[in-house]
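Enquirer: The primary structure of each chain is shown beneath.
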Amino acid sequence: MPEVTVRKKLTAVEEIFHEGGPVAPAPLRRAVALAVIHNPYAGAYVPHIAGFMDDLKPLGMEMANSLVAALGGNASVVQGYGKGAIVGSAGELEHGALWHVPGGYAMREVLSDAKAIVASTKKVGGPGTRLDVPITHINASYVRSHFDAIEVGLADAPRSDEILLALVMTTGARIHARVGGLKASAIKGEDGLR
Amino acid sequence: MKASIRKIAVFVEETRTEMGRTVDPPTRRAAAVAVIENPCAGKYVEDLSELMTIGEELGELLTQRAVAALGIPANAAESYGKAAAVGENGELEHAAAILHPKLGAPVRKVLGKGAALIPSSKKRGGLGVALDIPLGHKDAAFVRSHFDGMEVRINDAPRANEIMVAVAVTDSGRPLARVGGLTKDQIKGEDGLR
Chain Z
1 MPEVTVRKKL TAVEEIFHEG GPVAPAPLRR AVALAVIHNP YAGAYVPHIA GFMDDLKPLG
61 MEMANSLVAA LGGNASVVQG YGKGAIVGSA GELEHGALWH VPGGYAMREV LSDAKAIVAS
121 TKKVGGPGTR LDVPITHINA SYVRSHFDAI EVGLADAPRS DEILLALVMT TGARIHARVG
181 GLKASAIKGE DGLR
Chain D
1 MKASIRKIAV FVEETRTEMG RTVDPPTRRA AAVAVIENPC AGKYVEDLSE LMTIGEELGE
61 LLTQRAVAAL GIPANAAESY GKAAAVGENG ELEHAAAILH PKLGAPVRKV LGKGAALIPS
121 SKKRGGLGVA LDIPLGHKDA AFVRSHFDGM EVRINDAPRA NEIMVAVAVT DSGRPLARVG
181 GLTKDQIKGE DGLR
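Here the protein sequences come in this chain order: Z and D.
Each step along the first sequence adds one to the number in the working numbering, with nothing skipped, and position 104 is 104.
Each step along the second sequence adds one to the number in the working numbering, with nothing skipped, and position 178 is 178.
Any given hint might turn out to be false.
With a Cα cut of at most 25 Å, we get these calculated SDA-like pairs of lysine to any residue [what the hints assert, rightly or not]: (1) Z:K123 to D:T17; (2) D:K122 to D:P101; (3) D:K123 to D:E57; (4) D:K123 to Z:D156.
Here are the in silico distance ranges between beta carbons for each label pair [stated by the list, open to error]: (5) Z:I117 to D:K2: 17 to 23 Å; (6) D:G42 to Z:D156: 34 to 40 Å; (7) D:Y44 to Z:I117: 50 to 56 Å; (8) D:L176 to Z:D161: 17 to 23 Å; (9) D:K123 to Z:S76: 38 to 44 Å; (10) Z:E62 to D:E151: 21 to 27 Å; (11) D:G125 to Z:D54: 42 to 48 Å; (12) Z:G43 to D:H100: 33 to 39 Å; (13) Z:K183 to D:G125: 36 to 42 Å; (14) Z:D55 to D:E151: 28 to 34 Å.
Simulated from the structure, these hints should not be mistaken for laboratory data.
The C-beta atom is built at its ideal place from N, Cα and C for all residues, glycine as well.
Build the full structure now, drawing on both the sequences and the hints.
Expert: Here it is in structure tokens:
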């Protein structure tokens, strides 16, 4: 099994007070955890790669826990999440797909078995590539107020033989959400959708 | 608070390996960024004292946020830097008014020390503009291992009538620094230079 080698990590928290409208009673907080790892499959087509998902599980848990810590340490404040990956130029998009299971299930576990699928995106790119990581409600994908996205990236990553892995969590709706749809207060919470 | 803050973002970068070598302990740097309304946008204002006061407030707030994000005692900080990006309806002098007259004193008060000049950069730009915050050792500007820079950006800032203000703090120099010069254990700490 290839070892997971982390070159660097970044955590970032945004606090949004307003966006031209009334100042919210509590700011919306959005946290990002990034890890830049060596891509053990860079430079060649490797048929069997799925085993690396298990290797990534501890990193997924570490990043999910670091997001909760960055938001104050209490997982119950988390209402939205998302994940993404940027694969360096010597890798293939499929290498980014290795992040779905370890990244997504780590967040769902840390958030007490959140029900909704974790929204995601991925691409191949060079250092400085930005990725708009989609965000949806953790228990009901259709909650319209929580559809969001946060842009992530690092000036020096991913190098050609690296993968940049991203997890994001948020504490609520868009700061001036007002376009209707399913409300967080109306979630049934049975199927992860509504 | 005099500043009208739309959002605050705090970034922490941790480098664990570089060119395959372990960085032990990892180098860590944090940047705290506030996006504020520019009270002088869109017109020529002779007296910029309002921005100077805002700089003083943000010097304290952003330094506290950066140190807290690193999770270190304030007096364990090693290097620092500051920067501002003015939205298109402002002038470069607005960044200067925030950064230079009054921002430094509270930074040094929070960190307990800081004999060296706080290196700075400024620019005017649109949404998502990259801010390269220069970094230098806080007690002796000539410490070569701590000459560095940290890039930060926020995809939705600065808007035309906003200013992005950043303070960066580290607990270390560059990863694998090895180009000689004054080292941190040789600091005299009298003149802020050596």
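Enquirer: Decide, hint by hint, whether the structure agrees.
Expert: Okay, the hints, checked on the actual structure:
{"no.": "1", "hint": "Z:K123 to D:T17", "verdict": "holds (24 Å)"}
{"no.": "2", "hint": "D:K122 to D:P101", "verdict": "holds (14 Å)"}
{"no.": "3", "hint": "D:K123 to D:E57", "verdict": "holds (21 Å)"}
{"no.": "4", "hint": "D:K123 to Z:D156", "verdict": "holds (21 Å)"}
{"no.": "5", "hint": "Z:I117 to D:K2: 17 to 23 Å", "verdict": "violated (45 Å)"}
{"no.": "6", "hint": "D:G42 to Z:D156: 34 to 40 Å", "verdict": "holds (37 Å)"}
{"no.": "7", "hint": "D:Y44 to Z:I117: 50 to 56 Å", "verdict": "holds (53 Å)"}
{"no.": "8", "hint": "D:L176 to Z:D161: 17 to 23 Å", "verdict": "holds (18 Å)"}
{"no.": "9", "hint": "D:K123 to Z:S76: 38 to 44 Å", "verdict": "holds (41 Å)"}
{"no.": "10", "hint": "Z:E62 to D:E151: 21 to 27 Å", "verdict": "holds (24 Å)"}
{"no.": "11", "hint": "D:G125 to Z:D54: 42 to 48 Å", "verdict": "holds (44 Å)"}
{"no.": "12", "hint": "Z:G43 to D:H100: 33 to 39 Å", "verdict": "violated (49 Å)"}
{"no.": "13", "hint": "Z:K183 to D:G125: 36 to 42 Å", "verdict": "holds (38 Å)"}
{"no.": "14", "hint": "Z:D55 to D:E151: 28 to 34 Å", "verdict": "holds (30 Å)"}
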